[in-house]
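A.B. asks: The primary structure of each chain is shown beneath.
2 protein chains.
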Amino acid sequence: MTSDLERRARLLGPHMTTFYREPVHVVRGQGVWLWDKDGRQYLDCYNNVPHVGHCHPRVVEAICRQAGALNTHTRYVHDMILDYGEALTAKFGHDLDSLVMVCSGSEANDVALRMAQAMTGKTGVIGTDNTYHGNTAAVSQLNSSKVPVGGYQDHVRQVPAPDNMAPVGGSLEGQAEAFARGVEKAVAELDASGHGVSALIVCPYFANEGFPTLERGFLDRAIAAVRKAGGLIIADEVQPGFGRIGSHWWGHERLGFAPDIVTLGKPMGNGHPVAAVVTRPEILTCFQEAFRYFNTFGGNPVSAAAAMAVLQVIEDEALVENACDVGAYAVGLLQELQARHDVIADVRGAGLFFGAELWRDGTPATGLCAAMVDEMRDRGVLLHSVGRHSNTLKVRPPCVFSRENADQLVDVMDAALGAVT
Amino acid sequence: MTSDLERRARLLGPHMTTFYREPVHVVRGQGVWLWDKDGRQYLDCYNNVPHVGHCHPRVVEAICRQAGALNTHTRYVHDMILDYGEALTAKFGHDLDSLVMVCSGSEANDVALRMAQAMTGKTGVIGTDNTYHGNTAAVSQLNSSKVPVGGYQDHVRQVPAPDNMAPVGGSLEGQAEAFARGVEKAVAELDASGHGVSALIVCPYFANEGFPTLERGFLDRAIAAVRKAGGLIIADEVQPGFGRIGSHWWGHERLGFAPDIVTLGKPMGNGHPVAAVVTRPEILTCFQEAFRYFNTFGGNPVSAAAAMAVLQVIEDEALVENACDVGAYAVGLLQELQARHDVIADVRGAGLFFGAELWRDGTPATGLCAAMVDEMRDRGVLLHSVGRHSNTLKVRPPCVFSRENADQLVDVMDAALGAVT
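Chains as they are written, first to last, in my numbering: chain D, 132 to 552; chain S, 132 to 552.
The hints are simulated quantities; they were obtained by calculation from the structure and are not laboratory data.
Note that beta-carbon positions come from the ideal geometry of N, C-alpha and C, so glycine has one too.
Be aware that a few hints might be false.
[Stated by the list, open to error] Computed, partial: chain S to chain D, Cβ under 10 Å:
id, residue
1, D175
2, M296
3, R352
4, V405
5, E420
6, L468
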């Protein structure tokens with residue numbers, strides 16, 4: 132292993148991190164399972180990219196078939212992107228009928244920010260203060276994990292993100308209103324500075340923020356403030372989208388709002404690099420008039436075929452329903468676990484995106500959570516941590532995760548908690 | 132066809148352009164050939180993305196095999212990205228031993244600009260005034276086709292690009308020196324403005340600028356001025372790279388300079404969305420310390436497998452040598468054509484990237500060139516135009532293009548010139 136890690140550090144840089152104290156050298160995947168080079172099997176409770184399961188045969192077959200027939204850019208006419216575009220936009224409950232296909236969620240958010248600028252004629256952007264929306268120079272201005280070189284640009288405002296254990300404004304009851312006051316303050320600042328508000332961008336599941344439990348309508352007052360100031364709402368559905376949250380296809384439906392622009396990424400092609408921005412036709416037109424934009428790989432026939440296969444598998448295997456059922460079952464198991472382990476301060480989630488927040492002695496148990504992540508890995512279960520203090524065990528498996536898989540996860544978690552506490 | 136174009140305009144926006152007066156509705160590709168939905172066959176003289184030929188069986192097989200075994204991100208350890216990284220960096224003649232794998236040339240240039248910022252502590256960027264380096268918000272600041280909303284940012288300077296028919300400074304002999312003076316002026320402005328110079332970014336083939344004929348050493352004085360001011364040199368090898376120019380693997384080798392950062396894109400995976408930034412280890416380290424960067428899809432096992440297959444096919448089928456031989460042969464044929472057609476003012480190129488510049492009555496024949504592009508398409512040969520006045524027929528086919536294909540291209544061009552002039 133050392134030799135591989137040395138090669139890796141030399142080629143990919145000394146700061147290209149791996150997961151886990153002892154990295155996993157993977158060689159094969161199938162469904163919810165991964166195997167390492169020594170033949171050891173792991174239950175994958177973390178990877179959302181293989182949304183319909185690692186190496187799903189229908190997705191692999193779609194990629195192979197199309198890669199063998201034609202792969203080219205969209206300055207020619209090809210049916211696949213049109214068929215997919217119609218199938219995808221049909222999944223939205225309101226007037227999001229147009230799309231731009233790109234290669235990554237980062238490219239999608241980079242485009243979304245410019246769409247909002249083009250449509251509103253303003254430049255200010257409001258995001259939350261503990262988030263991640265992607266890795267381009269423009270989008271990384273919104274990230275909280277590392278202050279950009281030269282600091283944040285003046286048109287970016289970060290507002291306090293909602294939280295279960297340390298709610299904005301001090302109470303869970305008043306959190307929606309306190310969150311909205313943060314947005315209203317940012318709106319006022321951006322208006323005063325001359326930037327104006329082009330958009331509020333949020334993950335409607337606040338996934339990186341630690342997926343706090345939010346009631347339907349949580350964002351209504353904040354959204355009203357942005358709209359009143361002439362801004363648009365961008366929903367980054369890279370993590371909650373495609374039915375992962377079980378109750379709905381999209382995170383914004385669960386919270387009960389209608390975004391102007393939706394961005395999609397990781398799970399869209401089950402690992403194939405494909406992503407998209409979905410919006411109203413007039414916003415797309417306005418963007419195309421303001422910016423010349425063409426994406427060579429975006430929406431090529433192979434990418435569109437991979438994405439189409441993913442949509443079809445979600446339908447045919449009833450994976451949204453599975454996420455709903457297994458997620459609720461697993462949260463129930465975690466609540467039982469909570470009754471036996473004091474360090475579990477909170478259990479929460481929706482569908483196949485759930486977890487347990489760890490506290491000890493009245494403070495976030497960051498170190499314990501890191502130890503749990505490694506202990507679980509050593510016991511054959513892959514998950515990770517999330518949240519402002521990295522003290523929440525994050526479970527976000529392929530959506531073919533079963534009740535039996537949930538049993539195994541929670542059994543191992545029970546034993547691991549016993550070992551590390 | 133109308134129905135497809137209507138669906139396309141509705142889904143992808145009214146300004147999502149197609150090539151050709153009558154768009155080509157493609158369904159299949161193989162080698163240098165494309166077929167439309169009516170079964171009509173076209174000689175593809177334009178697409179550089181399918182570098183080793185449309186649907187090359189070895190690339191398709193590599194994608195299928197790896198997609199069926201494992202596709203995941205690089206926070207696990209996997210051999211494929213390491214094997215590929217070593218094979219790729221071995222293709223560079225100097226100390227470019229590290230890489231970041233991404234999904235598109237746009238992402239690659241977006242990273243490259245930040246690498247230069249991190250390494251130099253400066254922010255100014257110099258590019259040429261008739262170019263394209265990609266579509267992210269940051270990179271599109273360098274593009275000349277459309278002024279960005281809000282104008283160019285103050286840290287960007289565009290210098291006059293070299294040209295065969297209208298050389299910078301007025302003469303071909305003095306062009307290198309005049310180009311360097313443009314760069315020196317930009318350096319002085321950026322230093323005076325406080326931005327300083329982080330990088331000069333150029334395509335070393337000046338592909339979008341119209342691929343002017345440049346002697347070895349053309350950039351030396353300009354590069355010296357940038358280096359003296361503390362800036363780095365970024366070579367955007369998206370178009371000339373991977374042996375297309377025949378005499379060398381990379382455009383910068385042909386011009387005889389050693390860039391600090393090289394970006395790669397389109398042809399790298401023969402259509403699979405994969406791209407890379409190759410640089411010196413200390414620059415990568417500096418970038419990783421200044422910016423948190425992780426690319427979920429970048430360098431995944433399938434992308435790396437596709438890219439590895441492309442490298443192997445280039446070697447095994449001797450495609451660099453083929454580009455050299457067929458390119459020289461085709462340029463010779465075009466020179467014969469020039470003797471019979473007054474509108475051909477210049478014939479130039481290197482390897483399988485060549486063309487003919489059209490002038491009439493002492494002015495660039497932009498309209499005639501557009502008519503030629505459509506006429507060629509109607510006669511079953513796909514190419515396009517390029518250059519400041521879009522008056523150069525651009526030929527940049529898959530690198531399996533043969534002498535027989537060149538004969539067909541030039542025969543059809545001969546007849547088409549007769550028809551449109």
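A.B. asks: Against each hint, give a clear statement of whether it holds in the structure.
C.D. replies: Here is how each hint holds up against the structure:
| no. | hint | in the structure |
| --- | --- | --- |
| 1 | D175 | holds (9 Å) |
| 2 | M296 | violated (25 Å) |
| 3 | R352 | violated (30 Å) |
| 4 | V405 | holds (7 Å) |
| 5 | E420 | holds (7 Å) |
| 6 | L468 | violated (27 Å) |
In the structure shown, a violation is registered for the earlier hints numbered 2, 3, 6, in ascending order.
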